[in-house]
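Asks: Here is how the chains run, residue by residue.
There are 2 protein chains.
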Amino acid sequence: MHTLTRELHIKNPSKIVMLVGDGLGGLPITPGGGTELETARTPNLDALAARGVQGLSIPVKPGIAPGSGPGHLGLFGYDPLRYQIGRGALEATGIGFEMQPGDVAIRCNFCTLDSEGNITDRRAGRIPTEESAPLAIRLREIRVPGIEIFVEPVKEHRFVVVFRGPGLGGHVKDTDPQATGVPPLEPIADDSESQKTADVAKEFLKQAREILASEKKANFHTMRGFASRPDLPTYEEVYGLRAAAVAVYPMYKGLARLVGMDIVGQATTLEEQMQVLKEAWDDYDFFFIHFKYTDSTGEDGNFDEKVARTEQLDSAIPAITALNPDVLMVTGDHSTPAYLKSHSWHPVPTLLVSDCCRPDPHTSFGETNAITGGLGQFEAQYLMLLALSNAGRMGKFGA
Amino acid sequence: MHTLTRELHIKNPSKIVMLVGDGLGGLPITPGGGTELETARTPNLDALAARGVQGLSIPVKPGIAPGSGPGHLGLFGYDPLRYQIGRGALEATGIGFEMQPGDVAIRCNFCTLDSEGNITDRRAGRIPTEESAPLAIRLREIRVPGIEIFVEPVKEHRFVVVFRGPGLGGHVKDTDPQATGVPPLEPIADDSESQKTADVAKEFLKQAREILASEKKANFHTMRGFASRPDLPTYEEVYGLRAAAVAVYPMYKGLARLVGMDIVGQATTLEEQMQVLKEAWDDYDFFFIHFKYTDSTGEDGNFDEKVARTEQLDSAIPAITALNPDVLMVTGDHSTPAYLKSHSWHPVPTLLVSDCCRPDPHTSFGETNAITGGLGQFEAQYLMLLALSNAGRMGKFGA
Chain A
1 MHTLTRELHI KNPSKIVMLV GDGLGGLPIT PGGGTELETA RTPNLDALAA RGVQGLSIPV
61 KPGIAPGSGP GHLGLFGYDP LRYQIGRGAL EATGIGFEMQ PGDVAIRCNF CTLDSEGNIT
121 DRRAGRIPTE ESAPLAIRLR EIRVPGIEIF VEPVKEHRFV VVFRGPGLGG HVKDTDPQAT
181 GVPPLEPIAD DSESQKTADV AKEFLKQARE ILASEKKANF HTMRGFASRP DLPTYEEVYG
241 LRAAAVAVYP MYKGLARLVG MDIVGQATTL EEQMQVLKEA WDDYDFFFIH FKYTDSTGED
301 GNFDEKVART EQLDSAIPAI TALNPDVLMV TGDHSTPAYL KSHSWHPVPT LLVSDCCRPD
361 PHTSFGETNA ITGGLGQFEA QYLMLLALSN AGRMGKFGA
Chain B
1 MHTLTRELHI KNPSKIVMLV GDGLGGLPIT PGGGTELETA RTPNLDALAA RGVQGLSIPV
61 KPGIAPGSGP GHLGLFGYDP LRYQIGRGAL EATGIGFEMQ PGDVAIRCNF CTLDSEGNIT
121 DRRAGRIPTE ESAPLAIRLR EIRVPGIEIF VEPVKEHRFV VVFRGPGLGG HVKDTDPQAT
181 GVPPLEPIAD DSESQKTADV AKEFLKQARE ILASEKKANF HTMRGFASRP DLPTYEEVYG
241 LRAAAVAVYP MYKGLARLVG MDIVGQATTL EEQMQVLKEA WDDYDFFFIH FKYTDSTGED
301 GNFDEKVART EQLDSAIPAI TALNPDVLMV TGDHSTPAYL KSHSWHPVPT LLVSDCCRPD
361 PHTSFGETNA ITGGLGQFEA QYLMLLALSN AGRMGKFGA
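Keeping their order, the protein sequence lines are chains A and B. Residue numbers for the first sequence follow the numbering used here, so the first one is 1 and each next one is one higher. Residue numbers for the second sequence follow the numbering used here, so the first one is 1 and each next one is one higher.
I should point out that these hints are in silico values taken from the structure, not numbers from a laboratory. Glycine residues also receive a C-beta, built at the ideal position from the N, C-alpha and C atoms.
List time: in silico DSSO-like cross-link candidates among lysine-lysine, alpha-carbon distance up to 27 Å:
no., chain 1, residue 1, chain 2, residue 2
1, B, K15, A, K341
2, A, K292, A, K278
3, A, K216, A, K206
4, B, K396, A, K61
5, A, K202, A, K155
6, B, K11, A, K173
7, B, K173, B, K217
8, B, K396, A, K292
9, A, K155, B, K396
10, B, K396, A, K341
11, A, K173, B, K396
12, B, K11, A, K341
13, B, K61, A, K396
14, A, K61, B, K61
15, A, K61, B, K11
16, A, K61, B, K15
17, A, K202, A, K217
Selected chain B positions facing chain A (Cβ under 8 Å, derived; list incomplete):
no., residue
18, M1
19, L4
20, C356
21, P361
22, G376
23, F378
24, Y382
25, S389
26, M394
27, K396
28, G398
Here chain A stands alone, though its shape is the one from the complex:
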């Protein structure tokens, strides 16, 4: 699709807003009942529905429940099956580490070894963060010539290592043997481009073993999910959009950064996000606003709280419409029904409003209406095309 958008996009002064309620779609919890979105009182979303068009977005393919990475890449218009973000890169992104092209990120787990060098606990007893973080920071002493190394604590036994330097491929096998009573594995390159990465990892592990040798809680670590920064073309390149992300959590800022969005503001609440949006309004063409709590309450299995958070999302709408965006979309990166306490495969209710969107007859926003909404069921990766066209930013394909 980006071949087309690169050729056909047009620049104009229009403004596009994509408001993502993470895990927005849901399920009824009582037979014949409504979903979370249908149960919530959402006068502002319903008013948008009345003048807009709704439908169901399929994050990846029918029946596939995506993680946050593929869920957002789809919304951003990147085929999530083609552009896959490796585990290490996603972990680094999730803690706000800004990977550069050529970087290789690795998820590391502290572990314990016995006197023979065999693993006794692959997660070092889930060592508390306050004890593991100082250990991770001690590993910053490690030096490998020609390579810049970053070590970032995460939570409990987890930390992230990033190698930066020329010629580092991202295909190296995990050193976690997925078993105890055996020694950790050597890092082995899966292709010749990654041999140097494997060598650097080997040297890193050697020095880490010495540094950690006398530690009681965690005297070594494994390395998993080696991954290069995914090579994603930017919003500027493929859509001609100056794009801003207004997000609270590092993961979503990181995903936005991977497609070239600027991270604006330091909001910690939805109200602050709306303030940031207003302040950044003149400087950008496209705004991605991320709201986390429709997902986290779904993951908790708390239907009522997801309803309440959906109502909170609804309350942000007037601050957006006051800015008169040319195109306003409200959607989710996937469904997170409280009933399932997890991300799911169900298509996501999606709403688009513009002055030329061909409204459908619905006057409220929800999963059931979306089935018969004017957008139909469509793969998320096409939403950005609809946004560009509704903003007058796409030329005609062919003569």
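Go by the hints and put chain B onto chain A.
Replies: What follows is chain B alone, placed relative to chain A:
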């Protein structure tokens, strides 16, 4: 998609049932009238519709009417454009011949040659089965060193030959010249891997010519549709499912066997199929139940009889729901409208029931409701993904 399902599938004790009414979809025969399914009294299917979700399954692509092979491969989750079953292999499968990997199957037609060796009738006057079968069986005398040969009578002028042995490619040109007054063609290999197959076919034809020389009704035969057994990954490999097929007709047993299903029972009626299902219930995770008569009555152009057969299909539902499957799907491999007396391209009404299927508002099952059903219109190849997800048998894609 199987790359994803191989990685993401999870095993659990859930049970999935796919009930296929062959050629289920139909057309009205009077303006404004209902289809066969809509005309039939189907209280059990309607009760499922009330708690489930329906939609329209597109067997291959919009506007493509499939045969039984691609129709079922799609339902089984195999891209029917990628996995094509060669004509010889489908013919062998259809008569219940169990092809092994490496086998090459060929459709043969008895024909008549004049004294010059030119074809006078490409179908030997559609010689009756009772006369052609003994001739086919005489061809079992043919010996080619190193090759095991099977000759199976079919109907009228048709029979099937299968070669079994090492190094047999499946790409050999037909020997039927598609004309009379000319001699049959030589079997010519299309690639070097199939040279041995062509040589074996040549020797087979030489011996067949001698054996049949003095026969009056059919003194030779042509060979068409050379085909290797299609190399399909199994349900166990791609979905982690122990799968059973409860079918009556050899063709559908054969198709199920190609994807690694076990053929269970020897039912000859739908009631017996339900009994077989019950007996096999504990031993499998997935059950494919095939019902032929919604197709055959459609092919006959008998609207009323297709309605009656649809009601018969409906009557089997309680025996299935009594087993409490976690996921129950009712669908067809294609439409066979009595109005057209043939397979058609119309999308197929499809129903899915599970405890997490996000029900739609419909309370009866049929083509018109399916248009606005929650499954939307989707390619049949995604139905198995939906089944696995609804059964809790698919992990999340990406983090």
